[in-house]
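Residue numbering for the sequence shown follows my numbering, starting at 1 and increasing by one per position.
Check before you lean on any hint, since a few could be wrong.
Label pairs and their calculated CB-CB ranges [claimed, not checked]:
(1) Gly86 x Gln41: 31 to 39 Å
(2) Ser50 x Leu84: 47 to 55 Å
(3) Arg120 x Ala95: 40 to 48 Å
(4) Asn58 x Asp100: 37 to 45 Å
(5) His127 x Asn61: 32 to 40 Å
(6) Gly86 x Arg120: 52 to 60 Å
(7) Ala44 x Leu84: 53 to 61 Å
(8) Lys101 x Thr76: 37 to 45 Å
(9) Thr102 x Thr81: 57 to 65 Å
(10) Ala104 x Ser50: 58 to 66 Å
(11) Pro32 x Met103: 22 to 30 Å
Under the rule of at most 27 Å between Cα atoms (straight-line distance), these lysine-lysine pairs were calculated in the DSS-like manner [unchecked claim]:
(12) Lys116 x Lys93
(13) Lys60 x Lys130
(14) Lys31 x Lys93
(15) Lys60 x Lys131
(16) Lys60 x Lys116
(17) Lys60 x Lys126
(18) Lys101 x Lys31
(19) Lys93 x Lys60
(20) Lys126 x Lys116
(21) Lys116 x Lys130
In short, the hints are calculated from the structure, not lab data.
Just so it is clear, CB atoms sit at the ideal spot from N, CA and C, and this is done for glycine as well.
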Amino acid sequence: MTISKTLTCVASLAAALWVPCALAADPPGAKPGDDALTCEQIYAQGAAESQREQEERNRKNDERRGELRATAALVTGALLTGGLSGTGPAAQKAAETQADKTMALAGTAPQSNPRKEYLRQLWTQKHCVKK
């Protein structure tokens with residue numbers, strides 16, 4: 001056999017062995033035993049995921065507020081001293097860095113939560129309704 005035929009056979013064999021594994025894999029966000037969840041359990045887990053996401057957003061927002069306060073204090077100090085002793089350039093750099101961070105965050109879409117998406121899908125598949 002030539003090298004190209006050998007490589008083709010190896011690639012075909014690898015693909016044939018990989019496909020069943022890929023098809024058998026659980027979807028993202030799935031956990032063992034999810035099929036047995038009741039609608040109430042699905043709702044409770046979805047609510048817990050939402051709560052975790054909200055807590056994470058609150059934590060990040062608190063960090064940003066602290067950074068903004070520190071930048072504002074530096075800029076105020078620079079303004080009050082007229083930029084003496086190098087506070088002007090430091091304040092400008094801090095304000096530019098803060099603006100860059102804000103613009104970067106504004107341009108990013110929120111990350112999806114695979115677990116929450118899977119629970120939504122399961123909720124729909126089981127024809128659950130909120131009571």
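*Checked against the structure, which of the hints given earlier come out wrong?*
Failing hints, ascending: 1, 4, 8, 9, 10, 11, 12, 13, 14, 15, 17 and 18.
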